[in-house]
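**Student:** Spelled out from the first residue to the last, the chains are:
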Amino acid sequence: MAGPSFQDLILRLHDFWSRQGCVILQPYDVEMGAGTFHPATTLRALGPRPWAAAYVQPSRRPSDGRYGENPNRLQHYYQYQVIMKPSPEAAQDMLLASYRELGLDPRRHDFRFVEDDWESPTLGAWGLGWEVWCDGMEVGQFTYFQQVGGIPVVLPSFEMTYGLERLAMYVQDVERVFDLDFNGRGVTYGDVFLRAEREYSAHNFEHADTAMLARHFQDAEAECAALLREKLALPAYDQCIKASHLFNLLDARGVISVSERAAYIGRVRALAKACCEAWVAGEETP
Amino acid sequence: MPELFIELFGEEIPARMQAGGAADLARLLTAALADLKPSGVRTWYGPRRIALAASIAAEVPASTQSERGPRASAPSQAVEGFLRKHGAAREDLREESGFLVLARSLPARPAAALIAAALPDLLRRFPWPKSMRWGGSSQFVWVRPLRRITCLLDGALVAFDMRQGEDEGHGLASGNVSEGHRFLAPGGFPVTGAAPWVEELRKRFVIADAGERKRIIKDGVGELAAAENLAVVDDPGLLDEVAGLVEWPVPMLGRIDAAYMDLPPEVMQVSMRVNQRYFALRRADGTAADRFAFVANVVPDDGGKAIVAGNERVLRARFADARHFWDLDRRTKLADRLPTLDSVTFHARLGSQGARARRIAALAGTIAAALGADANLARRAGLLCKGDLASGMVGEFPELQGVMGGYYAAHDGEAPGVAAAIRFHYAPRGPNEAPPTEPLAAAVALADKLDTLVGFFAVGEKPSGAGDPFALRRAALGVIRILREGGLRLALCPILGAAATGYAELASPGVVEEVLAFIAERLRVQLRAEGARHDVLAAVLGAGLDDDLVRLLARTEAVASVLATEEGTNLLAGYRRAANILRIEEAKDGPHDEAVASHLLHLASEQVLDRAAAAARVAVPAALTEQNFTGAMAALAELRAPLDAFFAEVMVNDPVPELRRNRLALLARVRATMNQVAEFSRIEG
Chain A
1 MAGPSFQDLI LRLHDFWSRQ GCVILQPYDV EMGAGTFHPA TTLRALGPRP WAAAYVQPSR
61 RPSDGRYGEN PNRLQHYYQY QVIMKPSPEA AQDMLLASYR ELGLDPRRHD FRFVEDDWES
121 PTLGAWGLGW EVWCDGMEVG QFTYFQQVGG IPVVLPSFEM TYGLERLAMY VQDVERVFDL
181 DFNGRGVTYG DVFLRAEREY SAHNFEHADT AMLARHFQDA EAECAALLRE KLALPAYDQC
241 IKASHLFNLL DARGVISVSE RAAYIGRVRA LAKACCEAWV AGEETP
Chain B
1001 MPELFIELFG EEIPARMQAG GAADLARLLT AALADLKPSG VRTWYGPRRI ALAASIAAEV
1061 PASTQSERGP RASAPSQAVE GFLRKHGAAR EDLREESGFL VLARSLPARP AAALIAAALP
1121 DLLRRFPWPK SMRWGGSSQF VWVRPLRRIT CLLDGALVAF DMRQGEDEGH GLASGNVSEG
1181 HRFLAPGGFP VTGAAPWVEE LRKRFVIADA GERKRIIKDG VGELAAAENL AVVDDPGLLD
1241 EVAGLVEWPV PMLGRIDAAY MDLPPEVMQV SMRVNQRYFA LRRADGTAAD RFAFVANVVP
1301 DDGGKAIVAG NERVLRARFA DARHFWDLDR RTKLADRLPT LDSVTFHARL GSQGARARRI
1361 AALAGTIAAA LGADANLARR AGLLCKGDLA SGMVGEFPEL QGVMGGYYAA HDGEAPGVAA
1421 AIRFHYAPRG PNEAPPTEPL AAAVALADKL DTLVGFFAVG EKPSGAGDPF ALRRAALGVI
1481 RILREGGLRL ALCPILGAAA TGYAELASPG VVEEVLAFIA ERLRVQLRAE GARHDVLAAV
1541 LGAGLDDDLV RLLARTEAVA SVLATEEGTN LLAGYRRAAN ILRIEEAKDG PHDEAVASHL
1601 LHLASEQVLD RAAAAARVAV PAALTEQNFT GAMAALAELR APLDAFFAEV MVNDPVPELR
1661 RNRLALLARV RATMNQVAEF SRIEG
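Note that the protein sequences, when read in sequence, are chains A and B. For what it's worth, the working numbering labels the leading residue of the first sequence as 1, then goes sequentially. For what it's worth, the working numbering labels the leading residue of the second sequence as 1001, then goes sequentially.
Because the hints were derived from the structure by calculation, they are not lab data. Note that this is a predicted model, so its numbers are computed, not measured. Possibly wrong hints are sitting among the right ones.
Short, incomplete list of chain B residues facing chain A, as computed with Cβ under 10 Å [claimed, not checked]: (1) Val1250; (2) Gln1276; (3) Asn1297; (4) Pro1300; (5) Ile1307; (6) Ala1309; (7) Asn1311; (8) Ala1619.
The beta carbon of each residue, even a glycine, is placed where N, CA and C say it ideally should be.
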């Protein structure tokens, strides 16, 4: 099966979700661990205003780096993220239709919704939903948000996350992520990212300056608090995302003990909560 | 009687919640409609629906109800108040024994009205383990979005909706439309009742009954395996879950890449089960097969090629992950993981896993010495048995703890006995797992459990009622099964004492007795569950707590086998007669434990019983000392004929006071002798 190229998958998803009424956004320009951290999801999930958006978000998981040697693991990969608020009645059908657009027909493939409750301790967020399975493979995560930043949502959102590399490996029948056809004209995923995986793995595990990272974490925390005093929810939230990524880097460097770990997560959650509260306050008084 | 049919159709319900949801629906509906006397309640459950059918009365018939009001002599305000409350008039009242009584006739209430009134509230309060909101601002929560409510009484729609004040209840209202398979038969169809619903669903690729889906899966997977001369590894929990993930089960077989067949079979099975819900297969010789079985939820248009290829591919990725851990873990020796365990908390008050391993090591050495196993090897195994908790594989699959430790120990070049002891040290974890019987492995497994029991008892974390968060009952039962099924002779008191030493000042002196009593109680519960004479065990325990469970059970067995004979029954009858008389007379002027005066024994049967009692008084303790419980019971059995003759001839409560006292003393001596073997008063039946 010569399925769509990596970039063609993205284009098809953009086209599909655009037709469902989503705002097509570009990636957020701050390093983050998952597409959920994008303010278009975290903050927009709160408050009473309807919202629908889709975007690709580069996601950084410093501990998942394998120097480009593991066929499935990357420290930097792409998530395709969809959020619709309130959750549409046809959310499941839309989702299945999107897979049809990618060449996965549910009359030929075995699609399943398997219980998977989502929780993000750093965002103080949770929701209920499923892993979406295609022929036994998780091809997406479907969540109905119930709480974000410790705040119960007014209108529950439908959130869908596609792991683009994994999905592409499936539709292209490729066993090694670096062998993915990126553009349909001879450029592979490895051509684009293999060197980055090697260098960032070395950075994440060996060379990142931990004293500096710890200092930057404190800076971000302080800046976040200062901006919140000015009721600037969005710039404050940028600092929260930065703090979260700095924590992930420190974690990858192995300098955080078990008890410190819980404390760091608690500090990021406190920032997220305060940012979300500031966002909601701003939404209520336009 | 009319048939009530309800279907609640929505987005995928977690497999583990489906059966409970259907049971809750039956329970709540039966209670809410109790006036309609529901009977023959049946339920169905599956990925997208729970449903119920029941026979109910067509109506609650008309009735009259009398309401007693104020006294006839009461002031008129009181009477008016009563009338206002019930919306009645003065002429509706009659007088009955000084009180005003209002006779009210209640009209018949039709079933449909009662159902329509009860259901919205029932659904809004439905006790799903976890519920969620969706869509708009409605506060009506369900396990996942609820899309359709079907409610029919003999085929006719029972109309209600889920609105409540301002809350639009997702716009849900009862209807008569259901849906079949999501992909194979999309769209709605009208429902007229339970039986046609089941048949219409079948035409639309949905097997409504979970039991039938399970049979289809079990048989289908079994046949596919058999065609390849393979057998399915029995896994009832997995079968239940898979039946909750499919509406139209289509069993299929996939191939495992030869490159992964050298992984430990336990690793392959757990990865398949936990991550993929695949069934593991075995060859005739019991080794892992290079095939796996799984169940699709669709009849594919290409005969299943894409689905099988997809699942095989996913499994390759899973096994590649497993191989990563397997290779990586074996680069670090278990012994080198011990420092890591020092920073892993076992329990806030009981210290680290490292400290736990050191305690288990010491205790395993002590137990091994008592069991005649190699104490050094036991200590080694104890020290290493928690090492795999720091491995990548156990981090990924906690259920492989112990098993991986065994593999890693063997790889590190530890003695085979040490590797086996590590592998089995958690056993038995449930009724289906055998306890380790080899003394070295048994010593480590016992040390693990006894350390846990003593530790948690020392900090007061004892099981209460249904609450047993640290699985202490299971640990105690594990101890019992290891000793019992291995026939291992071990005095538990000194071992528990040694375990308590491991906790130093944390363990109070009483903890040994507490844990021993706890284990004895679990033994009694276990015997009762087996249908064995748990009352005999209680009786034997009443004669004194024995810390050697095998000896305790031998004694119980000896007593039980004699009691099963006619002689035993009569002996017990004699004992009871003696004990009853003593109880009554002791209440008057007891106790009667003075020495028996032979010169006062006038009757022949008195003298015979006295001689028999004196003989038993020597023979029973002698036999008990030799742990010859059958002998002790035989000595007691000698009392039976003299006791019978005594009660036939002798009137205990003789008018002459000293004769009475002497006879009571004789009976007391018989009872005391028998109580040395078991407290026979605790025997039931």
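**Student:** Checking each numbered hint in turn, tell me which of them this model violates, lowest number first.
**Tutor:** Of the numbered hints given earlier, the structure breaks just one, which is hint 8.
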